[in-house]
Amino acid sequence: MRTSRLKQGSIAVLAVLALGAAAAGCGSSGTTSDKTGSDKAGKTVVIATHDSWAMSKEVLAEFTKQTGITVKTQQHGDAGELTNKLVLTKDHPLADGVFGIDNTFASRAIDEGVLAKYDADQPASVAKFALPGNDAHYLTPIDYGDVCVNIDDTWFAKKKVAPPKTFADLTDPAYKNLLVTPGATTSSPGLAFLVATIGRNGDGWKDYWKKLVANGVKIDAGWEDAYTVDFTAGGGKGDRPIVVSYSSSPPFTVPKGSDQPTTSALLDTCFRQVEYAGVLKGASNPKGAQEFIDFMLHKDFQAALPENMYVYPVDATVALPADWAKWAPTSPDPVQVSAADITSHRTEWLRDWRDVTSR
Amino acid sequence: MTFRARIGIAALAAVPIAVLVLFFLYPVSGMVGRGLWPDGKFQPGAVLSVLARDRVHRVLWFTVWSAGAATVLSVVLGVPVAFVLHRLRFPGIGLLRSLVVLPFVLPTVVVGVAFRHLIAPSGPLGGLHLDGTAVAIVAALVFFNVSVVVRTVGAFWEGLDPRAEEAAATLGAGPFRVFTTVTLPGLLPGIVSAATVVFLFCSTAFGVVLTMGGLRYANVETEIYLLTTQELDLSGAAALSLLQLVVIVVLLAFSARTRRAPAVARATVRARRPRGRDAGLLLWTGAVVAFLLAPLASLVLASVHGSAGWSLDHYRALETTGQGNALLVPVTTALWTSLRIAVVAAALALVLGCAVAFLVSRRWRTPVGRRLSATFDGAFMLPLGVSAVTLGFGFLITLDHPPLDLRASPMLVPIAQAMVALPLVVRTVAPVLLSIDERQREAAASLGAGPLRVLLAVDLPVAWRALLAATGFAFAVSLGEFGATSFLARDDNPTLPVVIYQLISHPGEVNFAMAMAASVVLAGATAVVMLLVERLRIGSVGAF
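Taken in order, these protein sequences are the chains called S and E.
Read in order, the letters of the first sequence are residues 1 to 359 in this note's numbering.
Read in order, the letters of the second sequence are residues 1001 to 1544 in this note's numbering.
You may find that some hints are simply not true.
[Unchecked claim] Quick look at which bits of chain E chain S covers, simulated, 3 or more residues with Cβ under 8 Å: (1) 1043-1051; (2) 1218-1229; (3) 1326-1335; (4) 1420-1430.
[What the hints assert, rightly or not] With beta-carbon atoms standing in for the labels, derived distance ranges: (5) Trp1037/E <-> Glu348/S: 19 to 27 Å; (6) Ala1290/E <-> Gln66/S: 35 to 43 Å; (7) Lys210/S <-> Phe1291/E: 31 to 39 Å.
Treat the hints as calculated values from the structure; they're not laboratory data.
Where a beta carbon is used, it is the ideal one built from N, C-alpha and C, also for glycine.
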């Protein structure tokens, strides 16, 4: 009898503790959860984006000043993970708008009915980045970047080896064990590189990759592994002087006390990634998302893109930073593969690619 | 048991069960359900056919052998260290004990990069040609999990009465015979328990396999990630998630049969000074500690040494948003965010963990009661063995409408981290509660103490250290948590591990060095917490 009364007592105390803490937890969440956007209708807009999102506070404050709307961002992994999360949650959208769906995932987002139509007023130079046909009504181009093979010029100069120039060069035994790339299944520049090789080699791309594997290509999970650990000029002390990165990477390798980068991008090996913004279907603040898309095409935002996200503005009238204008030219002739083609073949390509590259 | 006592127990059990259902079972079944019911029609055939794919067979085989090898190695490396750190005493042993646990609570991104720095062809161990090999993956898995073996087996060793060993020796048994006939049988439940948990951790390892494997190798966890995030092949992901669930239930059932909580060492000090014949074990321990410290040392080195020579500039830069504005907030702000979240997560884990520990440490008189208690115990271990991707995506698709639209709630991350830390709290507190003699409580009550008084006078004096230690451990786990956090929405207030990941993902030598400096700060903060926990001298911390 006594035992059970005792236990009963301690149970009661613990239960009270548990409920008390739970209540305290709920209380603290209640006071700070103003992020859904719905409770302060119109005053907050929630934008789902990828992990590479970065924008200075001043620029975002300018948007709030102009419209009275505060921007909240949610980062959802890379462009693929972002798109697939939006597809899975389309009945109850995560946010009001999205930024960062690129041309490798655009068709999936549109075909799955994730987006609502919105036609923003666009500067003239934006038209060449627009998706073909009806798709253009759903996604507005904001920025672009070229994924290109980068080389460590210093390394090649020191070894007195002529650096590679083209895709074909990369299979040359002279460059055995020198190339490192992020994987196509786990990294968006990795996927872009795969698509570039498919665009350039057509049906022969699997043979091309077999040759790359035979020539000792190293495949890392992420761009950060490839560039910062394995690349000879990426901050770490890697041993591979050829890496898949961006045309905008070289300006970051200007050494202290010099005005010339130690690396360069091979402009014959580029695939152009265009990043789009759109309004989510069923958003609680679609008006706010539309206004933010307009703002992203505004000169202030466009001019801030290179410094913050290492991408080029779609508005050609916006000036690039001085070192970009000098050391980060984009490819005059990037490899072309349509968004629709990528969506219909992606799974097949990635499976084949995994079979060629993994054991 | 009186009716009111039953109601009390039911009420106490209801809180953690509700949390488990809401934040684990519901999201996971939501995600698996999408795979089983594509387009609203039940199609189990699609799921079964996934298991017949060639690639899936390769993935399963790699998962089993890499996790198996890592488990065996962790046990082989860890058991002698457990002896040295838990049965001997020498200056600095407290520091060593907390250093050994450090890898377990560090984020995988950090360790992945630190490891690669060591073994990349240009690194200090480049000559071994380990980079990108399965050996490197297994080594990293061992690095994370040795501490689980050391702590668990160490707790058993502390509770083992040395008089049995002494008696055997007196009767003429040699040291080897004493070990195999007396010591080992006493340790076996601890070894089995540790091995089970290590196998679970290794077979669900994600960041390590991706970073170290360089995509040539895939285990079940990375495959679920690829199928879900890149291919949107939900049937495939569901098949593998279900398989994970089956495996973990079987493993937990198996370990529950052999497992029993270690006897908690009583106040008598049994630790002795090292003798000459311990030299081998001490060397072994030194080698294991060196293996654990090498990647951490390479982090420290990378944070103070760049192309411009030695400097602390990268630590000063932690107040900025990095080269080219790589971050949304400075690292210092992220550190505060992490600390705040860790406080909430540790509090949640402590409250829920105490409720669970209290229930599973009761001496149940009926077989049904015992079985229920064991099931209850196992249920809270489930989150350890299920894909963080499935759970994270499950959160997004199930907790998405009022009154449960928690997707944008700032409580989501602390709740997810509390789910990760919960099993560790239970395993720390339960053995201590179990060690309290029921008769003490009865005596107190018969002297007229009310229930609250009994709790304060009997339970608390014994359990407070364990509660504090469990809180500290949960705090440290939350500080370093990356997996679950990274699959949830990341708002404008990222945690320190997320910020480190962002720094690594941006170009620029400064960003990379800042990532290393921030990792050192994170490791340092974690080490301080673990050192404080170690001072509480609770053997069951970090044990399973």
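Cross-check of the supplied hints:
{"no.": "1", "hint": "1043-1051", "in the structure": "violated (count 0)"}
{"no.": "2", "hint": "1218-1229", "in the structure": "holds (count 4)"}
{"no.": "3", "hint": "1326-1335", "in the structure": "holds (count 3)"}
{"no.": "4", "hint": "1420-1430", "in the structure": "violated (count 0)"}
{"no.": "5", "hint": "Trp1037/E <-> Glu348/S: 19 to 27 Å", "in the structure": "25 Å, holds"}
{"no.": "6", "hint": "Ala1290/E <-> Gln66/S: 35 to 43 Å", "in the structure": "59 Å, violated"}
{"no.": "7", "hint": "Lys210/S <-> Phe1291/E: 31 to 39 Å", "in the structure": "37 Å, holds"}
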